[in-house]
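Q: Keeping their order, the protein sequence lines are chains U and V.
First residue of the first sequence? That's 1 in this note's numbering, and the numbers climb one at a time after it.
First residue of the second sequence? That's 1 in this note's numbering, and the numbers climb one at a time after it.
Simulated from the structure, these hints should not be mistaken for lab results.
These figures come from a predicted structure and were not determined experimentally.
Ideal Cβ positions, reconstructed from N, Cα and C, are used throughout, including at glycine.
Quick list of in silico lysine-lysine cross-link-like pairs, PhoX-like style, CA-CA up to 25 Å:
1. U/LYS197 - V/LYS176
2. U/LYS193 - V/LYS183
3. V/LYS150 - U/LYS145
4. V/LYS176 - U/LYS41
5. U/LYS3 - V/LYS197
6. V/LYS41 - U/LYS183
7. U/LYS197 - V/LYS41
8. U/LYS408 - U/LYS423
9. V/LYS183 - U/LYS41
10. V/LYS197 - U/LYS183
11. U/LYS447 - U/LYS176
12. U/LYS197 - V/LYS3
13. V/LYS41 - U/LYS41
14. V/LYS145 - U/LYS145
15. V/LYS197 - U/LYS41
16. V/LYS15 - V/LYS3
17. V/LYS8 - V/LYS168
18. U/LYS183 - U/LYS197
19. U/LYS183 - V/LYS183
20. V/LYS168 - V/LYS447
21. V/LYS193 - U/LYS183
22. V/LYS41 - U/LYS176
One side only, chain U facing chain V, incomplete, derived with CB under 10 Å:
23. LYS41
24. SER46
25. LYS197
Number of protein chains: 2
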Amino acid sequence: MFKSTLYKERRENLKKFFKHGVLLFLGNQDSPANYPSNCYKFRQDSSFLYFFGINEPCFAGLIDIDNDKEIIFGNDVDMDDIIWMGNQPTVVDRAALAGITETYPLEELSSYLHRVQQQSKVHYLPPYRTANCLMISEILHINAKEVIAKRSLELINAVVALRSTKGKEEIEELEKASYIGYKMHTAAMQFCKLGVKEQEIAGILDGIAASYGKMNSFETILSQNGETLHNHYHNQIITDGRLLLTDAGAENNMNYCSDHTRTIPTGGKFTQRQKEVYSIVLNCHDKAVELAKPNVTYLSVHLDICKQLVEGLKGLGLMKGDTEEAVAAGAHALFMPHGLGHMMGLDVHDMEDFGQIHVGYDQETRPSNLFGTSSLRMGRRLEEGFVVTDEPGCYFIPALIDKWRAEKMHTNFLCYDTIETYKDFGGIRLEDDLLITSNGARFIGEKHIPITIEEVENYMQDYK
Amino acid sequence: MFKSTLYKERRENLKKFFKHGVLLFLGNQDSPANYPSNCYKFRQDSSFLYFFGINEPCFAGLIDIDNDKEIIFGNDVDMDDIIWMGNQPTVVDRAALAGITETYPLEELSSYLHRVQQQSKVHYLPPYRTANCLMISEILHINAKEVIAKRSLELINAVVALRSTKGKEEIEELEKASYIGYKMHTAAMQFCKLGVKEQEIAGILDGIAASYGKMNSFETILSQNGETLHNHYHNQIITDGRLLLTDAGAENNMNYCSDHTRTIPTGGKFTQRQKEVYSIVLNCHDKAVELAKPNVTYLSVHLDICKQLVEGLKGLGLMKGDTEEAVAAGAHALFMPHGLGHMMGLDVHDMEDFGQIHVGYDQETRPSNLFGTSSLRMGRRLEEGFVVTDEPGCYFIPALIDKWRAEKMHTNFLCYDTIETYKDFGGIRLEDDLLITSNGARFIGEKHIPITIEEVENYMQDYK
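Given only the sequences and the hints, what does the whole structure look like? Please build it.
A: Next comes the structure, spelled out in structure tokens:
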């Protein structure tokens, strides 16, 4: 945990958004895998962690503005628990570490809320686990199907305002998470050998995340079919001449995240054709860190990167026509159907549980309906302290190429005959995490994961 | 998946238990960690896997006895899914692999059940995930709080009758899972070095489980505080002279489990005192495989092992008095407060979601209320093809020793003055998995994980 004064300060900052009301934060419970007591690794709710810091299941935090109270609800362990789990801090001890002195058993949350609900509005964030949805339904007497609709937009907006800007102590944690990411991605480069199963490499990455942090920040994507964007199958054997795309990250022991992607040649050397596409994606990746800075929208950075991509693809004879018009029409999205990046922090897609529109967009910058651009999770104006991913990609997705060609989509920008010859190419994505500074941006990660063609080939050569 | 004929055969065997009714099996959905789309590794429901084999989220299987139908409910993917997830088999293809030809979209499950519910009883197993509890509540119009109470005991008993006896093909999968367990436990022996953090070793084990199987079969216990039975904290640094207890297993790619425990000397050599207690536990471990055989209750094996433990502890001056009386009184449970073992198969505690009493006990063998023996998960008569764990232990739990001493518990059997001198000892557990054969039992695991004092010391010596 951070110091108790930090949690107090965060809650004080949150209270400034509210004149009245009660702010309810449910921590997570254990999540059963295949029977009640066989649970996945515990993952605390990020907003609960942010304001209360307690990283254990079955706690709730409450900020009662109207009665000027801050309360932790949770249960102490009994002798049976001590035998099975060892000595545990009391609820009072845990609350004290968060700077809170008032505590009650968890069962009293319902009656407390019942009392205050008469005169105060109870604000809560939208639950993403069914167990918490049902708990809110029960304690606030809301039909389970209406729980998400009745979440508090005021609370969402206030929490987004605070959590979007990362403090110095958070950036230190993000650096630690990135270091675990460095270990994971360099391990992928070391263990990528012909004849090895993708699953074996992916497992090694899981192990590194668990050895040095809490867990993976998301399920690893590690595939020679990099054109399949969210590919969690690791069934293939590494064969020569292909590209291995690895998108993976860790949560450090404080649950701050990293998220990096590298695409490496399975045999250790890029082919000429791979080098050409790789260089285009790398230029896009490098350009984003030049463009990103306070007061610039990330949507504009995204669109500039798309133009950079189109310029490159025109050079290879894969696209044609006016670059600006091609991007405005969305023709580039055949190759990059996703956005440039997303917010990152205590969640790898930070605060995505609130809904992307509340986190990545605002009154000024609205989401797009255009295929490709509509997948951009973060569009709004950047501010110092924001952390966003920079992850351009270029993919040759046979099913999408066939569909668009059959529908004669963007024939004035897309050179389908040449594109056909790349259907066996796969996909490339390169990703690092950007911290917006006072006058620009820098990549998080004191240890640089090899990314240039030369760096990757040299690194892999050392482990041949 | 196994061959479709096997799933058909299993369903035919299940149908023999029912003259009427509809048997509903809900597969699992993805389980969100910290926002809706960031999910834990998918874990299918074991009974759904056993009867239908489909290892993907959001399927349901239905056996309609009254209308002589077998149906899979699930949804096909659309073009968007193909872009993000790659080509996916259709529901029809997946159902065919389970030997089923009738399929409908998942949304139709509710209306199908609504139709048949008029004349047929719908049997379902007790859900352990809130999402499935809510789904049953909705589709069968049962109050969410009554869903578990209204589960079908007939279906539980029928499924227990089938799943308890492992087929040849299942034993092959359990052998594969045990081989992953071998890799995990020998890795713990290799990487247990002074100055290393427990978390680092535990992470390596997670990685091995993921590299060669689906995942851990349960969250690894790896601690120098082995006396804390379910200790998931891995915060300590390995220091000399202690014991490291590792209880860990994997699910192989077919979700069959392994579950082994080893306790090793942190510095590579056991002390004299450690050897003495270790030998007692190892004798208990070895005796169980001699005693276990068809038609013997596992409760009697448990009690015989407890007597063996008492004999050993008497030899060390930690217990005294008549051995039979000490075990009948439960005095030994100060040192071994848990049972000898549990069923294992597709779940590491096989079918524990049904309730331990339905799996480990029957009309003849009833659970005990005695501290220690009451924690025995499996008590009933063994049959050929059962797989149970054999996991005796001996722990010195300071909180429990203090409590019992203050309450003057079993002073005629416990030598508290000597016990006091062991309060810094920690705990030892040794565990392997027993397959009951036609006339006895054998350990699962073609690769033997070092277990004798000599084997462990020699193995660790090789990695110094």
